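Asks: In case you want the letters, here they are:
2 protein chains.
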Amino acid sequence: MNKSPIGIFDSGIGGLTVVKAIQAALPFERILYFGDTARVPYGTKSQVTVRKYAADDTAMLMRYQPKIIIVACNTVSALALDVVEKSCGHLPVTGVLKAGARLAAGVTRNKRIGVIGTQATVSSNAYGLAINQLNAEIEVFSQACPLFVPLAEEGFIDHPATKLVAAEYLSEIMQKGIDTLVLGCTHYPILRKVIEETVGPEITIIDSADAVALGTKELLMESGLLAFTQTESTPHLLVSDLPQKFSTLYQLFMGSAMPDVELVEV
Amino acid sequence: MNKSPIGIFDSGIGGLTVVKAIQAALPFERILYFGDTARVPYGTKSQVTVRKYAADDTAMLMRYQPKIIIVACNTVSALALDVVEKSCGHLPVTGVLKAGARLAAGVTRNKRIGVIGTQATVSSNAYGLAINQLNAEIEVFSQACPLFVPLAEEGFIDHPATKLVAAEYLSEIMQKGIDTLVLGCTHYPILRKVIEETVGPEITIIDSADAVALGTKELLMESGLLAFTQTESTPHLLVSDLPQKFSTLYQLFMGSAMPDVELVEV
Chain A
89 MNKSPIGIFD
99 SGIGGLTVVK
109 AIQAALPFER
119 ILYFGDTARV
129 PYGTKSQVTV
139 RKYAADDTAM
149 LMRYQPKIII
159 VACNTVSALA
169 LDVVEKSCGH
179 LPVTGVLKAG
189 ARLAAGVTRN
199 KRIGVIGTQA
209 TVSSNAYGLA
219 INQLNAEIEV
229 FSQACPLFVP
239 LAEEGFIDHP
249 ATKLVAAEYL
259 SEIMQKGIDT
269 LVLGCTHYPI
279 LRKVIEETVG
289 PEITIIDSAD
299 AVALGTKELL
309 MESGLLAFTQ
319 TESTPHLLVS
329 DLPQKFSTLY
339 QLFMGSAMPD
349 VELVEV
Chain B
89 MNKSPIGIFD
99 SGIGGLTVVK
109 AIQAALPFER
119 ILYFGDTARV
129 PYGTKSQVTV
139 RKYAADDTAM
149 LMRYQPKIII
159 VACNTVSALA
169 LDVVEKSCGH
179 LPVTGVLKAG
189 ARLAAGVTRN
199 KRIGVIGTQA
209 TVSSNAYGLA
219 INQLNAEIEV
229 FSQACPLFVP
239 LAEEGFIDHP
249 ATKLVAAEYL
259 SEIMQKGIDT
269 LVLGCTHYPI
279 LRKVIEETVG
289 PEITIIDSAD
299 AVALGTKELL
309 MESGLLAFTQ
319 TESTPHLLVS
329 DLPQKFSTLY
339 QLFMGSAMPD
349 VELVEV
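In order, the protein sequence lines correspond to chains A and B. So the first sequence is numbered by this note's numbering: it starts at 89 and just counts up by one. So the second sequence is numbered by this note's numbering: it starts at 89 and just counts up by one.
One or more hints might be untrue.
Heads up, the list lumps identical chains together, so a pair's fine if it works in one copy or across two of them.
SDA-like mimics (lysine to any residue), calculated; alpha carbons at most 20 Å apart, straight line [claimed, not checked]:
{"hint": "1", "residue 1": "Lys108", "residue 2": "Asp348"}
{"hint": "2", "residue 1": "Lys140", "residue 2": "Glu350"}
{"hint": "3", "residue 1": "Lys140", "residue 2": "Val354"}
{"hint": "4", "residue 1": "Lys108", "residue 2": "Ala345"}
{"hint": "5", "residue 1": "Lys251", "residue 2": "Glu284"}
Treat the hints as calculated values from the structure; they're not laboratory data. None of the values given here were measured: they were computed from a predicted structure.
Looking at chain A on its own, in the form it has when it is part of the complex (with noise of 0.2 Å):
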């Protein structure tokens, strides 16, 4: 069981930058992924169809006997974590949403937190919920980016249009007094110089992708489910929809060439 691979899935590729984070915090771990990239993006769609392709990606991980199955997808995070964990039997499951709310809660100092995400994300107030649970003091403000994807896609990294953008979307939440801001997608570290240059230098920025780490390897060794020799060091990738930019947009989020793909059908 502890040769197992950690099952990671997304709607596309933004949970790469998950992939990158569980590399660094879990050297040892064989890592699958899957990126339902035929159907990509999902923070646009409805709570019914996000659902409906959560259990498809979570029926697609299981084939691969994962010993954990982490949810890279905020989206799905956010509306669906209950159909994923129905989905994979008795396996423990964690989700960027929920690791990025408890770290934010734990470094916020005045309470006051701002999360940014897709429409779908945004609209389920799940972070709210999910930072309430942990702390019902904190105030949670929210707000939807959604051409921050394609900015990050397109590789509009330090583009003065994406700089324009990131003005107007953060303008409002900037006006409460935050002092922590979650990232809450996982497209956006893509485009974590620019949001840290209009936020300013006073508010911390939380990437989920660096809490899910942290989380997922606490949750193993409490399980008793940590790999302790290395294995392989490329994760098993595999995609619905292998479009051209694909190598692009691994190289961008990985910062590496892009190994074999499989592409598979959900």
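Fit chain B to the known structure of chain A by using the hints.
Replies: Just chain B now, with coordinates in the frame of chain A:
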């Protein structure tokens, strides 16, 4: 047969620009529209996946016995028109790409045409091939504009960020001395004002929605399939997902309040 609906499909809601153009050109016709909103967008996906989705979309329309099928998606028109033709028996099929290509070839004076569209449409070079079939002397220059769809859907119609992005995308194609520019994606007419301002008044803009409406009228007349009495005023709308923003987007594309919409499974 004359009273059967005109079947139109698109990857999402962009094809509503075609519905609007058909309503204007053919006010007596019943319109059936399917938008694959659960799997939108197509333009960033591979040819294999787009062809699979095109077959599904055609099958969806065929349940309602249309008299003609209009492919309102440029990406499907470019990558999978043959799939649609094979999936619908002997029905006439027309697509935005052929119609746009024909109109552009007729309009250009200096035989230099620009085409903008999704990554998949541009990579296929389908516009270039269609235009050169009509006139081998015409030179076609194309440019993918991946951010135009999300900018349009976010309602950034006249936003400074949209102007910056348009200036960047269109700069190279503008240096080619084109006199005609095809909007090779059904979302782009929403950004027409910014595109016109960027390319200047000397360049004729071709909206493939208008082009396909004219082509459909001719095709129905030739086939003796025109309707002569008004039966229904509102289109019959089918979608595979009904996200929160759907009614806002309907309003943006159609300029009127959203009628009843039927949710279907692909």
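Asks: Next, verify each hint and record whether it holds.
Replies: Against the structure, the hints:
Taking identical chains as interchangeable, the C-alpha atoms of Lys108 and Asp348 lie at most 20 Å apart only when both belong to the same chain, with a minimum of 17 Å there against 45 Å between chains. For the homomeric pair Lys140 and Glu350, the shortest alpha-carbon distance between copies (18 Å) is at most 20 Å, but the shortest distance inside one copy (22 Å) is not. Taking the shortest alpha-carbon separations for Lys140 and Val354, both the intra-copy value of 11 Å and the inter-copy value of 12 Å come in at or below 20 Å. With identical chains, the CA atoms of Lys108 and Ala345 are at most 20 Å apart within one copy only, with a shortest distance of 13 Å there and 45 Å across copies.
Taking the closest pair of Cα atoms, Lys251 and Glu284 come within 20 Å of each other only inside a single copy of the chain (11 Å); across copies the shortest separation is 24 Å, beyond that limit.
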